[in-house]
Amino acid sequence: ALLTLLPPPLDSRVTSDRVPFTDAFARFTEHFGKTVLVGSGLIAVLCVVGLNKLTVENSFIDYFKSSTEIHQGMITIDNRLGGTTPLDVVITDDPPPEGAGTGDPFASDCDPFVEDCGAGEEYRDTWYTYQKMEQLEAVHDYLDGLPETGKVLSINTTLDILAQINQGEPLDALELAFVPAAVPDDLQDTLLTPYISEEHDQARFSIRILETMPELRRQELLDRIHNHLTTELGYSEDQVLFAGMTMMYNNMLQSLFDSQIKTIGVVFAAIMVMFLILFRSLKLALIGIAPNLIAAGSVLDLMGWLGIPLDMMTITVAAITVGIAVDDTIHYIHRFKTEFQKDGDYIATMHRCHRSIGQAMFFTSLTIISGFSILVLSNFIPTIYFGLFTGFAMFMALVGALTLLPRLIVLVKPFGSGV
1 ALLTLLPPPL DSRVTSDRVP FTDAFARFTE HFGKTVLVGS GLIAVLCVVG
51 LNKLTVENSF IDYFKSSTEI HQGMITIDNR LGGTTPLDVV ITDDPPPEGA
101 GTGDPFASDC DPFVEDCGAG EEYRDTWYTY QKMEQLEAVH DYLDGLPETG
151 KVLSINTTLD ILAQINQGEP LDALELAFVP AAVPDDLQDT LLTPYISEEH
201 DQARFSIRIL ETMPELRRQE LLDRIHNHLT TELGYSEDQV LFAGMTMMYN
251 NMLQSLFDSQ IKTIGVVFAA IMVMFLILFR SLKLALIGIA PNLIAAGSVL
301 DLMGWLGIPL DMMTITVAAI TVGIAVDDTI HYIHRFKTEF QKDGDYIATM
351 HRCHRSIGQA MFFTSLTIIS GFSILVLSNF IPTIYFGLFT GFAMFMALVG
401 ALTLLPRLIV LVKPFGSGV
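Residue numbers for the sequence shown, in the UniProt record's numbering: 1 to 419.
Worth double-checking, as some hints may not be accurate.
Unchecked claim - Just the calculated beta-carbon pair ranges, DEER-fashion:
#: 1; residue 1: Leu306; residue 2: Gln254; range: 37 to 45 Å
#: 2; residue 1: Asp185; residue 2: Glu57; range: 42 to 50 Å
#: 3; residue 1: Gln167; residue 2: Ser378; range: 23 to 31 Å
Unchecked claim - List of simulated lysine-lysine pairs, DSS-like, C-alpha gap at most 30 Å:
#: 4; residue 1: Lys65; residue 2: Lys53
#: 5; residue 1: Lys132; residue 2: Lys65
#: 6; residue 1: Lys34; residue 2: Lys413
#: 7; residue 1: Lys34; residue 2: Lys342
#: 8; residue 1: Lys34; residue 2: Lys65
#: 9; residue 1: Lys342; residue 2: Lys283
#: 10; residue 1: Lys413; residue 2: Lys337
#: 11; residue 1: Lys283; residue 2: Lys337
#: 12; residue 1: Lys132; residue 2: Lys151
#: 13; residue 1: Lys337; residue 2: Lys34
By construction, these hints were calculated from the structure, which means they are not laboratory data. Beta carbons: idealized from backbone N, C-alpha and C, even for Gly.
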(Lines of atoms letter the chains of each structure in order from A; the text may use other names.)
(Lines give C-alpha, C1' and ligand atoms only; values in the text may rest on other atoms or scores of the structure.)
Protein backbone atom coordinates (compact mmCIF):
# COMPACT_ATOMS: atom_id res chain seq x y z
CA ALA A 1 0.00 0.00 0.00
CA LEU A 2 2.84 2.40 0.80
CA LEU A 3 4.54 1.69 -2.53
CA THR A 4 1.48 2.92 -4.43
CA LEU A 5 1.94 6.35 -2.86
CA LEU A 6 5.46 6.69 -4.27
CA PRO A 7 6.13 8.13 -7.75
CA PRO A 8 7.03 5.62 -10.48
CA PRO A 9 10.76 4.91 -10.85
CA LEU A 10 12.67 6.88 -13.45
CA ASP A 11 15.48 4.37 -13.84
CA SER A 12 15.77 3.35 -17.50
CA ARG A 13 16.60 -0.16 -16.43
CA VAL A 14 12.98 -0.73 -15.50
CA THR A 15 11.84 -0.53 -19.12
CA SER A 16 14.98 -1.95 -20.74
CA ASP A 17 15.29 -5.34 -22.38
CA ARG A 18 18.22 -6.32 -20.19
CA VAL A 19 18.06 -9.99 -19.19
CA PRO A 20 18.33 -10.40 -15.39
CA PHE A 21 21.32 -12.41 -14.18
CA THR A 22 19.01 -14.97 -12.56
CA ASP A 23 18.10 -16.14 -16.05
CA ALA A 24 21.53 -17.80 -16.10
CA PHE A 25 20.09 -20.41 -13.73
CA ALA A 26 17.26 -21.01 -16.19
CA ARG A 27 19.67 -21.44 -19.10
CA PHE A 28 21.80 -23.82 -17.06
CA THR A 29 18.74 -25.84 -16.05
CA GLU A 30 17.51 -25.94 -19.65
CA HIS A 31 20.78 -27.12 -21.19
CA PHE A 32 22.14 -29.21 -18.30
CA GLY A 33 18.98 -30.73 -16.89
CA LYS A 34 20.52 -34.17 -16.42
CA THR A 35 23.47 -32.61 -14.62
CA VAL A 36 21.07 -30.92 -12.20
CA LEU A 37 19.32 -34.21 -11.44
CA VAL A 38 22.53 -36.22 -11.12
CA GLY A 39 24.12 -33.53 -8.94
CA SER A 40 21.07 -33.44 -6.69
CA GLY A 41 21.12 -37.23 -6.41
CA LEU A 42 24.80 -37.17 -5.54
CA ILE A 43 24.19 -34.56 -2.84
CA ALA A 44 21.38 -36.73 -1.46
CA VAL A 45 23.75 -39.72 -1.23
CA LEU A 46 26.40 -37.58 0.47
CA CYS A 47 23.73 -36.37 2.90
CA VAL A 48 22.96 -39.94 3.95
CA VAL A 49 26.66 -40.68 4.47
CA GLY A 50 27.21 -37.40 6.31
CA LEU A 51 24.29 -38.05 8.65
CA ASN A 52 25.97 -41.26 9.80
CA LYS A 53 29.07 -39.22 10.68
CA LEU A 54 27.20 -36.79 12.94
CA THR A 55 28.27 -36.75 16.56
CA VAL A 56 26.86 -35.09 19.65
CA GLU A 57 29.98 -35.02 21.84
CA ASN A 58 31.30 -31.58 22.67
CA SER A 59 32.81 -29.70 25.57
CA PHE A 60 31.82 -26.51 27.33
CA ILE A 61 35.23 -25.04 26.65
CA ASP A 62 34.73 -25.52 22.90
CA TYR A 63 31.84 -23.05 23.06
CA PHE A 64 34.17 -20.11 23.64
CA LYS A 65 37.18 -18.67 21.84
CA SER A 66 40.56 -19.18 23.49
CA SER A 67 40.86 -15.42 24.06
CA THR A 68 37.75 -15.22 26.27
CA GLU A 69 37.89 -15.16 30.07
CA ILE A 70 35.53 -18.13 30.30
CA HIS A 71 37.84 -20.32 28.21
CA GLN A 72 40.91 -19.32 30.22
CA GLY A 73 39.04 -19.66 33.50
CA MET A 74 37.94 -23.22 32.74
CA ILE A 75 41.55 -24.17 31.95
CA THR A 76 42.62 -22.73 35.30
CA ILE A 77 39.88 -24.62 37.15
CA ASP A 78 40.82 -27.92 35.52
CA ASN A 79 44.55 -27.47 36.04
CA ARG A 80 44.51 -26.12 39.60
CA LEU A 81 41.18 -27.03 41.18
CA GLY A 82 40.75 -30.61 39.99
CA GLY A 83 38.08 -30.42 37.31
CA THR A 84 34.98 -28.57 36.23
CA THR A 85 31.85 -30.69 35.76
CA PRO A 86 30.63 -32.88 38.65
CA LEU A 87 29.84 -36.57 38.20
CA ASP A 88 28.52 -38.78 40.99
CA VAL A 89 28.93 -42.56 40.96
CA VAL A 90 26.56 -44.20 43.44
CA ILE A 91 27.09 -47.80 44.58
CA THR A 92 24.17 -49.58 46.24
CA ASP A 93 25.02 -52.29 48.74
CA ASP A 94 24.05 -55.93 48.22
CA PRO A 95 20.63 -56.76 49.68
CA PRO A 96 20.86 -58.68 52.97
CA PRO A 97 20.50 -62.46 52.64
CA GLU A 98 17.17 -64.03 53.41
CA GLY A 99 16.67 -64.58 57.08
CA ALA A 100 19.45 -62.17 58.02
CA GLY A 101 19.17 -61.14 61.64
CA THR A 102 16.61 -63.86 62.47
CA GLY A 103 18.95 -66.75 63.20
CA ASP A 104 20.35 -65.41 66.45
CA PRO A 105 18.95 -67.60 69.28
CA PHE A 106 19.84 -64.91 71.81
CA ALA A 107 17.77 -62.31 69.96
CA SER A 108 14.56 -64.29 69.79
CA ASP A 109 13.06 -62.70 72.86
CA CYS A 110 12.98 -59.13 74.01
CA ASP A 111 15.07 -58.12 76.98
CA PRO A 112 12.60 -57.56 79.85
CA PHE A 113 14.79 -54.76 81.19
CA VAL A 114 14.63 -52.77 77.92
CA GLU A 115 11.54 -50.82 76.94
CA ASP A 116 12.25 -50.96 73.17
CA CYS A 117 14.05 -54.09 72.07
CA GLY A 118 13.86 -53.19 68.37
CA ALA A 119 11.24 -55.76 67.47
CA GLY A 120 10.10 -55.43 63.90
CA GLU A 121 13.13 -53.40 62.81
CA GLU A 122 14.54 -54.22 59.39
CA TYR A 123 17.96 -55.83 59.36
CA ARG A 124 20.56 -53.42 58.01
CA ASP A 125 24.21 -54.17 57.35
CA THR A 126 26.86 -51.49 57.81
CA TRP A 127 29.33 -50.09 55.31
CA TYR A 128 32.04 -49.69 57.94
CA THR A 129 33.59 -53.11 57.58
CA TYR A 130 37.07 -53.95 56.38
CA GLN A 131 35.80 -55.96 53.40
CA LYS A 132 33.42 -53.29 52.11
CA MET A 133 35.96 -50.53 52.52
CA GLU A 134 38.41 -52.54 50.45
CA GLN A 135 35.81 -52.77 47.68
CA LEU A 136 35.13 -49.04 47.84
CA GLU A 137 38.86 -48.33 47.80
CA ALA A 138 39.19 -50.35 44.58
CA VAL A 139 36.43 -48.24 43.02
CA HIS A 140 38.06 -45.02 44.24
CA ASP A 141 41.49 -45.96 42.88
CA TYR A 142 40.02 -46.89 39.50
CA LEU A 143 38.08 -43.62 39.18
CA ASP A 144 41.08 -41.59 40.32
CA GLY A 145 43.27 -43.26 37.70
CA LEU A 146 41.10 -42.31 34.73
CA PRO A 147 42.65 -39.59 32.53
CA GLU A 148 39.31 -37.79 32.23
CA THR A 149 38.86 -37.36 35.98
CA GLY A 150 40.33 -34.72 38.24
CA LYS A 151 39.56 -34.68 41.95
CA VAL A 152 37.78 -37.77 43.33
CA LEU A 153 36.19 -37.66 46.80
CA SER A 154 34.66 -40.59 48.68
CA ILE A 155 34.59 -42.25 52.09
CA ASN A 156 38.14 -43.37 51.34
CA THR A 157 39.19 -39.72 51.36
CA THR A 158 37.83 -39.46 54.90
CA LEU A 159 39.60 -42.66 55.93
CA ASP A 160 42.88 -41.27 54.59
CA ILE A 161 42.41 -38.19 56.79
CA LEU A 162 41.67 -40.38 59.81
CA ALA A 163 44.75 -42.47 59.03
CA GLN A 164 46.89 -39.33 59.11
CA ILE A 165 45.42 -38.47 62.51
CA ASN A 166 46.19 -42.05 63.56
CA GLN A 167 49.93 -41.41 63.06
CA GLY A 168 49.80 -42.66 59.49
CA GLU A 169 48.38 -46.07 60.38
CA PRO A 170 45.19 -47.18 58.58
CA LEU A 171 42.25 -47.99 60.80
CA ASP A 172 41.82 -51.62 61.76
CA ALA A 173 38.49 -53.45 61.63
CA LEU A 174 37.51 -52.50 65.18
CA GLU A 175 38.39 -48.83 64.77
CA LEU A 176 36.56 -48.79 61.44
CA ALA A 177 33.35 -50.03 63.03
CA PHE A 178 33.43 -47.14 65.52
CA VAL A 179 34.02 -44.40 62.92
CA PRO A 180 30.36 -43.19 62.77
CA ALA A 181 30.28 -42.86 66.55
CA ALA A 182 33.78 -41.41 66.88
CA VAL A 183 33.40 -38.57 64.38
CA PRO A 184 31.84 -35.47 66.02
CA ASP A 185 28.36 -34.53 64.87
CA ASP A 186 29.50 -31.19 63.44
CA LEU A 187 31.98 -33.00 61.17
CA GLN A 188 29.79 -35.88 60.05
CA ASP A 189 28.00 -33.71 57.46
CA THR A 190 31.40 -33.01 55.90
CA LEU A 191 33.30 -36.27 56.33
CA LEU A 192 30.69 -39.06 56.33
CA THR A 193 27.19 -38.07 55.23
CA PRO A 194 28.14 -36.92 51.67
CA TYR A 195 29.69 -40.32 50.92
CA ILE A 196 27.78 -42.95 52.90
CA SER A 197 24.01 -43.23 53.25
CA GLU A 198 23.19 -45.91 55.80
CA GLU A 199 19.50 -45.22 55.28
CA HIS A 200 19.61 -46.09 51.57
CA ASP A 201 22.58 -48.50 51.75
CA GLN A 202 24.52 -46.42 49.22
CA ALA A 203 28.09 -45.17 48.83
CA ARG A 204 28.81 -42.08 46.74
CA PHE A 205 31.90 -41.06 44.78
CA SER A 206 32.09 -37.37 43.89
CA ILE A 207 34.18 -36.79 40.74
CA ARG A 208 35.22 -33.70 38.83
CA ILE A 209 35.53 -34.19 35.07
CA LEU A 210 38.28 -32.38 33.15
CA GLU A 211 36.25 -30.51 30.54
CA THR A 212 39.36 -29.10 28.88
CA MET A 213 40.56 -32.56 27.85
CA PRO A 214 40.40 -32.69 24.01
CA GLU A 215 39.75 -36.44 23.96
CA LEU A 216 36.79 -36.24 26.35
CA ARG A 217 33.92 -38.48 25.23
CA ARG A 218 31.29 -38.51 27.96
CA GLN A 219 29.26 -41.48 26.79
CA GLU A 220 32.37 -43.60 26.28
CA LEU A 221 33.62 -42.58 29.73
CA LEU A 222 30.34 -43.54 31.42
CA ASP A 223 30.22 -46.84 29.55
CA ARG A 224 33.83 -47.60 30.50
CA ILE A 225 33.19 -46.90 34.19
CA HIS A 226 30.00 -48.94 34.20
CA ASN A 227 31.63 -51.90 32.45
CA HIS A 228 34.60 -51.91 34.83
CA LEU A 229 32.45 -51.79 37.95
CA THR A 230 30.14 -54.56 36.74
CA THR A 231 32.66 -56.89 35.11
CA GLU A 232 35.92 -56.33 37.01
CA LEU A 233 34.67 -55.40 40.49
CA GLY A 234 31.61 -57.64 40.57
CA TYR A 235 28.79 -55.15 41.06
CA SER A 236 25.48 -55.87 39.37
CA GLU A 237 23.83 -53.60 36.81
CA ASP A 238 21.31 -52.30 39.35
CA GLN A 239 23.97 -51.43 41.91
CA VAL A 240 25.75 -48.81 39.78
CA LEU A 241 24.08 -45.43 39.24
CA PHE A 242 25.31 -42.17 37.71
CA ALA A 243 24.18 -38.67 38.66
CA GLY A 244 25.34 -35.08 38.44
CA MET A 245 25.77 -32.42 35.80
CA THR A 246 27.93 -34.60 33.56
CA MET A 247 25.25 -37.28 33.39
CA MET A 248 22.48 -34.76 32.75
CA TYR A 249 24.45 -32.98 30.03
CA ASN A 250 25.40 -36.27 28.39
CA ASN A 251 21.76 -37.39 28.32
CA MET A 252 20.81 -34.09 26.71
CA LEU A 253 23.49 -34.53 24.05
CA GLN A 254 22.47 -38.10 23.32
CA SER A 255 18.86 -37.02 22.84
CA LEU A 256 19.84 -34.28 20.37
CA PHE A 257 20.16 -36.59 17.39
CA ASP A 258 16.81 -38.28 17.98
CA SER A 259 15.12 -34.93 18.55
CA GLN A 260 16.73 -33.57 15.36
CA ILE A 261 15.28 -36.38 13.25
CA LYS A 262 11.88 -36.03 14.90
CA THR A 263 11.89 -32.24 14.49
CA ILE A 264 12.81 -32.39 10.82
CA GLY A 265 10.24 -35.12 10.28
CA VAL A 266 7.49 -33.04 11.86
CA VAL A 267 8.54 -29.95 9.90
CA PHE A 268 8.49 -31.73 6.55
CA ALA A 269 5.21 -33.46 7.36
CA ALA A 270 3.64 -30.09 8.16
CA ILE A 271 5.07 -28.55 4.97
CA MET A 272 3.81 -31.49 2.93
CA VAL A 273 0.29 -31.03 4.31
CA MET A 274 0.49 -27.29 3.62
CA PHE A 275 1.60 -27.93 0.02
CA LEU A 276 -1.26 -30.35 -0.52
CA ILE A 277 -3.76 -27.79 0.74
CA LEU A 278 -2.15 -24.91 -1.16
CA PHE A 279 -1.48 -26.56 -4.53
CA ARG A 280 -4.16 -29.29 -4.40
CA SER A 281 -1.73 -31.60 -6.18
CA LEU A 282 0.39 -34.44 -4.84
CA LYS A 283 2.86 -34.00 -7.71
CA LEU A 284 3.44 -30.34 -6.90
CA ALA A 285 3.73 -31.11 -3.19
CA LEU A 286 6.44 -33.71 -3.82
CA ILE A 287 8.22 -31.45 -6.31
CA GLY A 288 8.15 -28.54 -3.87
CA ILE A 289 9.52 -30.58 -0.97
CA ALA A 290 12.56 -31.87 -2.90
CA PRO A 291 14.79 -28.74 -2.85
CA ASN A 292 13.98 -28.17 0.80
CA LEU A 293 15.04 -31.71 1.65
CA ILE A 294 18.32 -31.14 -0.16
CA ALA A 295 18.90 -27.87 1.71
CA ALA A 296 18.20 -29.37 5.14
CA GLY A 297 20.21 -32.49 4.41
CA SER A 298 23.19 -30.60 3.01
CA VAL A 299 23.79 -28.61 6.19
CA LEU A 300 23.71 -31.75 8.36
CA ASP A 301 25.85 -33.51 5.77
CA LEU A 302 28.45 -30.73 5.92
CA MET A 303 28.55 -30.89 9.71
CA GLY A 304 29.07 -34.64 9.57
CA TRP A 305 31.90 -34.48 7.04
CA LEU A 306 33.65 -31.64 8.89
CA GLY A 307 33.33 -33.45 12.22
CA ILE A 308 31.40 -30.60 13.85
CA PRO A 309 29.17 -32.02 16.61
CA LEU A 310 25.55 -31.13 17.15
CA ASP A 311 24.82 -28.76 20.02
CA MET A 312 21.95 -26.63 21.29
CA MET A 313 22.37 -24.10 18.47
CA THR A 314 23.27 -26.19 15.41
CA ILE A 315 20.49 -28.66 16.18
CA THR A 316 17.93 -26.05 15.11
CA VAL A 317 19.55 -24.99 11.82
CA ALA A 318 17.85 -27.52 9.54
CA ALA A 319 14.32 -26.93 10.82
CA ILE A 320 14.68 -23.13 10.83
CA THR A 321 16.16 -23.12 7.34
CA VAL A 322 13.36 -25.21 5.92
CA GLY A 323 10.79 -22.91 7.49
CA ILE A 324 12.40 -19.89 5.82
CA ALA A 325 13.37 -21.47 2.49
CA VAL A 326 9.94 -22.97 1.82
CA ASP A 327 8.79 -19.43 1.06
CA ASP A 328 10.89 -19.44 -2.15
CA THR A 329 9.31 -22.70 -3.25
CA ILE A 330 5.78 -21.40 -2.78
CA HIS A 331 6.48 -18.16 -4.66
CA TYR A 332 8.15 -19.91 -7.57
CA ILE A 333 5.47 -22.59 -8.05
CA HIS A 334 2.69 -20.02 -7.79
CA ARG A 335 4.37 -17.75 -10.35
CA PHE A 336 5.07 -20.70 -12.65
CA LYS A 337 1.42 -21.71 -12.54
CA THR A 338 0.35 -18.17 -13.45
CA GLU A 339 2.91 -17.73 -16.24
CA PHE A 340 2.22 -21.16 -17.71
CA GLN A 341 -1.36 -20.18 -18.50
CA LYS A 342 -0.07 -17.62 -21.04
CA ASP A 343 1.39 -19.99 -23.62
CA GLY A 344 1.60 -23.49 -22.11
CA ASP A 345 5.37 -23.60 -22.76
CA TYR A 346 7.33 -25.00 -19.80
CA ILE A 347 10.75 -23.77 -20.95
CA ALA A 348 9.54 -20.26 -21.78
CA THR A 349 7.63 -20.12 -18.51
CA MET A 350 10.74 -21.13 -16.61
CA HIS A 351 12.72 -18.26 -18.17
CA ARG A 352 9.98 -15.74 -17.37
CA CYS A 353 9.82 -16.95 -13.76
CA HIS A 354 13.57 -16.67 -13.33
CA ARG A 355 13.53 -13.14 -14.74
CA SER A 356 10.76 -12.02 -12.39
CA ILE A 357 10.20 -13.94 -9.18
CA GLY A 358 13.71 -15.38 -9.44
CA GLN A 359 15.22 -11.96 -8.76
CA ALA A 360 13.03 -11.47 -5.70
CA MET A 361 14.02 -14.90 -4.39
CA PHE A 362 17.70 -14.15 -4.95
CA PHE A 363 17.75 -10.82 -3.15
CA THR A 364 15.55 -12.10 -0.32
CA SER A 365 17.90 -15.02 0.26
CA LEU A 366 20.93 -12.74 -0.04
CA THR A 367 19.48 -10.48 2.64
CA ILE A 368 18.82 -13.42 4.97
CA ILE A 369 22.31 -14.85 4.40
CA SER A 370 23.87 -11.46 5.08
CA GLY A 371 21.85 -11.07 8.25
CA PHE A 372 22.86 -14.45 9.66
CA SER A 373 26.50 -13.86 8.68
CA ILE A 374 26.68 -11.14 11.36
CA LEU A 375 26.68 -13.94 13.94
CA VAL A 376 30.27 -14.86 13.00
CA LEU A 377 31.38 -11.86 15.09
CA SER A 378 30.18 -13.58 18.27
CA ASN A 379 32.52 -14.98 20.93
CA PHE A 380 30.15 -17.92 21.41
CA ILE A 381 31.24 -20.67 18.99
CA PRO A 382 27.78 -22.33 18.61
CA THR A 383 26.37 -18.95 17.57
CA ILE A 384 29.07 -18.66 14.90
CA TYR A 385 28.24 -22.14 13.61
CA PHE A 386 24.55 -21.27 13.65
CA GLY A 387 25.11 -18.21 11.47
CA LEU A 388 27.44 -19.97 9.02
CA PHE A 389 25.35 -23.11 8.60
CA THR A 390 22.08 -21.21 8.33
CA GLY A 391 23.59 -19.04 5.61
CA PHE A 392 24.92 -22.13 3.83
CA ALA A 393 21.55 -23.86 4.05
CA MET A 394 19.79 -20.77 2.68
CA PHE A 395 22.24 -20.71 -0.23
CA MET A 396 21.55 -24.37 -0.97
CA ALA A 397 17.81 -23.74 -0.75
CA LEU A 398 18.10 -20.86 -3.23
CA VAL A 399 20.16 -22.91 -5.69
CA GLY A 400 17.70 -25.78 -5.37
CA ALA A 401 14.73 -23.48 -5.96
CA LEU A 402 16.33 -22.02 -9.11
CA THR A 403 17.65 -25.28 -10.58
CA LEU A 404 16.20 -28.51 -9.16
CA LEU A 405 12.68 -27.15 -8.67
CA PRO A 406 12.19 -25.87 -12.26
CA ARG A 407 13.91 -28.97 -13.65
CA LEU A 408 11.44 -31.23 -11.84
CA ILE A 409 8.52 -29.09 -13.01
CA VAL A 410 9.69 -29.32 -16.64
CA LEU A 411 10.29 -33.06 -16.29
CA VAL A 412 7.07 -34.04 -14.49
CA LYS A 413 4.80 -31.43 -16.18
CA PRO A 414 2.33 -31.08 -13.29
CA PHE A 415 0.33 -28.34 -15.06
CA GLY A 416 -0.55 -30.40 -18.12
CA SER A 417 1.19 -31.74 -21.21
CA GLY A 418 2.17 -28.31 -22.60
CA VAL A 419 5.19 -27.73 -24.79
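Here is what the structure says about each hint:
1. Leu306 / Gln254: 37 to 45 Å: violated (21 Å)
2. Asp185 / Glu57: 42 to 50 Å: holds (44 Å)
3. Gln167 / Ser378: 23 to 31 Å: violated (58 Å)
4. Lys65 / Lys53: The given pair, whose Cα atoms are some 25 Å apart, holds under the 30 Å limit.
5. Lys132 / Lys65: Judged against 30 Å, a Cα distance of about 46 Å means the pair is violated.
6. Lys34 / Lys413: Holds, at about 16 Å.
7. Lys34 / Lys342: Cα-Cα ~27 Å, so holds.
8. Lys34 / Lys65: Violated, because 45 Å separates the two Cα atoms, which is more than 30 Å.
9. Lys342 / Lys283: holds (21 Å)
10. Lys413 / Lys337: holds (11 Å)
11. Lys283 / Lys337: Given pair Lys283, Lys337 holds - Cα atoms ~13 Å apart, limit 30 Å.
12. Lys132 / Lys151: holds (22 Å)
13. Lys337 / Lys34: Distance of about 23 Å is within 30 Å: holds.
The structure is inconsistent with the numbered hints 1, 3, 5 and 8, although it conforms to all the rest.
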